[in-house]
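Visitor: The primary structure of each chain is shown beneath.
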Amino acid sequence: MSQKQVLTVSGQYDQIRESCDFVCEGAKMAGFDETAIFHIELACDEACTNIIEHAYGDEGKGLIHISYETDGDRFIVTFHDNGRTFDPDSVPIPPTVQADAATDATIHETLKVGGLGLHFMRQLMDSVTFQSDPKQGNTLIMVKKLPERQP
Amino acid sequence: MSDLSISVESFKRVDLVTLAGRVDSNSASQLDSTLKSLLENGRYKIVLELSGVSYLSSAGLRAMVSAVRESKKHRGDVRLANVSGRVAEVLNLAGLNAIFQVYEDKTSAVGSF
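Each protein sequence line maps, in turn, to chains G and C.
Taking my numbering, the leading residue of the first sequence gets 1, the next gets one more, and so forth.
Taking my numbering, the leading residue of the second sequence gets 152, the next gets one more, and so forth.
You may find that some hints are simply not true.
[As the list claims (entries may be wrong)] Pairwise CB distance ranges (calculated):
hint : chain 1 : residue 1 : chain 2 : residue 2 : range
1    : C       : N192      : G       : E34       : 37 to 43 Å
2    : C       : S188      : G       : K135      : 42 to 48 Å
3    : C       : H225      : G       : D58       : 29 to 35 Å
4    : G       : Q131      : C       : G172      : 48 to 54 Å
5    : C       : S184      : G       : G60       : 33 to 39 Å
6    : G       : K135      : C       : S180      : 30 to 36 Å
7    : C       : S180      : G       : E34       : 27 to 33 Å
8    : C       : D154      : G       : D126      : 48 to 54 Å
9    : G       : R74       : C       : R164      : 52 to 58 Å
[As the list claims (entries may be wrong)] To spell it out: a stretch of chain C is covered by chain G in this simulated footprint if at least three of its residues, at any positions, have a beta carbon under 8 Å from a beta carbon of chain G; those stretches are:
hint : stretch
10   : 181-194
11   : 204-210
12   : 237-244
Hints are computed from structural coordinates only; laboratory data are not their basis.
Note that CB positions come from ideal geometry on N, CA and C, so glycine has one too.
Could you build all of it, start to finish, from the sequences and the hints given here?
Guide: Pasting the structure below:
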């Protein structure tokens, strides 16, 4: 297991880039290619955005603690906040919008608050796990498998 | 300070909105207010020129889709030109690529209206 790298930022939109860059630097050192790093960046962006908008309810309401480490063949990114507890099962998976059925209602459903970001995280990472505790806060753990090393 | 620049060029019937940089949570409000301003002024036919967009997150997508919804209520549309691989991947990931008409270049996108 690699040494865990840790960063704490204020829950503000202008801090998200720094958070993503921090994790992407670790992903690059871990050996991910550009496409995988883009996927990790987008997943981190969506995680931070959801914390700001849903856990804290607005910008500047609390801190986001971010860490990453490698463990065996896994690159593990963890986000922690002290905002409102979160039940990921309460967020529906956005439906795919078909061109001929792109009604206002289906588009609205697709863009429902938080759903799209969570959908992105689940699509882009190999696993996404939430732990929520009213006293300890929320912890989001995202894992992406490391690329197989060439012999 | 965001990493997004936006310019608007108005033609007789269509507005060409050229984006360059990152469309993320930090800059989505800039795009949202630009598009809302056009729509509030009765400009419902919009082309987004995206060749300079290096990054698009769900926050940016929400601004784009919000504009599509509003424009379609007034027989308009928001169409995309020069969509990069990364942006196309995000649209596909969201399941939203079907609601945007995509054109290879801005001339054909503007001319499509």
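Visitor: Can you list which hints this structure breaks, lowest number first?
Guide: Violated hints: 4, 5, 8, 10; rest satisfied.
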